[in-house]
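Engineer: Listed in order, the protein sequences are those of chains A and B. Going by the working numbering, the first sequence opens with residue 1, and the numbers climb by one from there. Going by the working numbering, the second sequence opens with residue 1, and the numbers climb by one from there.
It is possible that some hints are incorrect.
Which copy is meant is left open, because identical chains are indistinguishable; a pair holds if it fits in one copy or across any two.
[Stated by the list, open to error] Quick list of in silico lysine-lysine cross-link-like pairs, BS3-like style, CA-CA up to 30 angstroms:
1) K106 / K91
2) K110 / K91
3) K387 / K209
4) K259 / K209
5) K387 / K91
If you are wondering where the hints come from, they were derived from the structure by calculation, not from laboratory data.
There are 2 protein chains.
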Amino acid sequence: MALVVQKYGGTSVGSVERIRNVAQRVARTFDEGNQVVVIVSAMAGETNRLVALAEEISEFPNEREYDVLVSTGEQVTIALLSMCLQSMGYKAKSYLGSQIPMLTDKVHAKARIKSIEDKYIRKDLEEGTIVVVAGFQGTDGEGNITTLGRGGSDTSAVAVAAGLKADVCEIYTDVDGVYTTDPRIVPKASKMQKISYDEMLEMASLGSKILQIRSVEFAKKYGVVVHVRSSFNDNPGTLVTKEDTDMETVLVSGVAYNKDEAKISLLRVPDHPGIASQLFGPLSEANITVDMIIQNVSHDGFTDMTFTVPKTDYKKALGIVEEVSKAIGAGGVKSDENIAKVSIIGVGMRSHSGVASTMFETLSREGINIEMISTSEIKVSCIIAAKYTELAVRVLHEAFGLDRQDNDES
Amino acid sequence: MALVVQKYGGTSVGSVERIRNVAQRVARTFDEGNQVVVIVSAMAGETNRLVALAEEISEFPNEREYDVLVSTGEQVTIALLSMCLQSMGYKAKSYLGSQIPMLTDKVHAKARIKSIEDKYIRKDLEEGTIVVVAGFQGTDGEGNITTLGRGGSDTSAVAVAAGLKADVCEIYTDVDGVYTTDPRIVPKASKMQKISYDEMLEMASLGSKILQIRSVEFAKKYGVVVHVRSSFNDNPGTLVTKEDTDMETVLVSGVAYNKDEAKISLLRVPDHPGIASQLFGPLSEANITVDMIIQNVSHDGFTDMTFTVPKTDYKKALGIVEEVSKAIGAGGVKSDENIAKVSIIGVGMRSHSGVASTMFETLSREGINIEMISTSEIKVSCIIAAKYTELAVRVLHEAFGLDRQDNDES
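When you get a sec, could you build the whole thing from the sequences and use the hints?
Structural biologist: Encoded structure:
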């Protein structure tokens, strides 16, 4: 008998009909002799409806009350799914974050999980009850409701799986696994059978929106095996798991892209100690996350500094940089919103050389200019003009041997 | 400085715009130097929407999960109202039933309040915070959500007022007080300034749907002064309060009617001990509430028994009575759905005689036949044919001097 944690997202529970389908899948897993804990999101559209109400009331709604409001979405789903399982003759019981309890810090709207009580859930499981848990929500230990931020139900699921030492955490979504790249761009993209936590973290942060990043960090920390699969069919999906030697034989596992950043350059900066903090200090105070940073070698005591920020913070960042430019006597500011970041990811890079240069050559052969480069142990990212994104993804996918050969895979 | 508890029903908080209006009224009460606790219902239509979802899932939804589901309605309202007050510059904080905590018994969907913790709310009030409480919901002390039944927010409000020893409990609704009778039938009906708890209980149970009966019982038990008034204007409403000598000078305070009952007669019942329990035992086991019961004097060892049941249980009751009729060898069953109960209510009856006979004469003068009569210390009820309801209410209202004389009242 295995202990299986299953998580169903908003699309999978988007209507009464779909909740019935989920109930059937849960029941089947139970009938196969497993203990089952189900984590569910709000019905598709519900969170948006609630957020719209809050925004109609106030431009900056109080975050404690925001959590009271939006956590009702998951509360509705757990009740409906439990009722549905009961009407099918199963024992089922719903749990709110505060009923588990799932303890978090006090940071409303983006709380982090601190600990999970497994006593009550374990007792229910032992009595043959299917446990249905509200994703996305917790409690701060002083009776206040907290929420984990968008996509937080993934993290709830992994955390519950970790807390209960579950055998597997199945994340059901509307795609049937993690692909080597976006299949809308590369039809020959193939579903990976396995991916390591670190690769998945890079894939997630670089623009693949399948799992909330924090859920992968959590899975890595506690060694939870995550199975990403579709709630609309029975195909095996992708296992997100510990690195193994198989994985290292592959040079590059996937190609990711991200069009959500913009580039800002501060020109002819007087090159003396402390200049970086004069620039990035104010950006950080304004809560702007800087991603890639490049500082060219100095000429005649001057240097250029280039960095990327999320497009949503672009205007705000530009204003700050222009102030800084005047204050430190730099030569001016240049910026570009029409950029994309293209990345290759693979734990195999650690033991193989020449991966980066293959990437550069491949892009150059297509006449694609590389504007910035950043690397880690297991990835290489290049900033290019946005219009080349699809072309770059396609040629890199092919160059690293990721194009699917056979045609019999679904 | 007074401590004011205010309760706003679903219509009063039915849209963002109306929530803003409620916030303004609450803020005004606070600005006048009062401590304010607000109890709110779900936004109009929301509870029905949630119940419909449950019914789509299951014909008999599990009651624990039903409470998890429907309690989200009030949770949404407390968050929105708190946000609204905060955006106006006030300190506000929402409380779920489980956060107060408001302890109830374990009877889901119609729980009864056992106790209320006042510690946290009192601390907030002392710090100048407006406290916003979810009506209708509590917790059973083992972490489960309970709800108090339809109209339960009234009871929540009175219970909170009792727990905090509030100076007044204002119930805001879409009518501006308690009237001597239904103004749709008698345009000269007038708003009462005051009504005693006992009279209000009779008014409520006899068909005036302004306050949940249990809230009045609670108010009576703990001596909470309830002020029923409109959320759409500033007119003084009706005080529901302890009996005083003023009230006794009035013979009849109001005329109520109820078309929701049906009449069943069991004919030629062999009149021997135990016959009543043979009839009413099975009805009670089927959870059917019997209201009026009349047993005629016996002739030749046989009697007729007539009683009324809610129309919603009529068919079920009829089936049971027909079984009983056969079993005990009675002469048959007669029944009538087209009846109405018309009642006159007033604490003055205790000290005045002749009230009932005035009622009978008044009805008889109009040719209205009285089919059943039941009396208590402070009311007389008659069952008549349903088609005479409006006529009966009008003539009784006039006969007991309740018609409004002046025309200057709004």
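Engineer: Compare the structure with the hints numbered earlier in the document and write down the numbers of the violated ones, lowest to highest.
Structural biologist: 5
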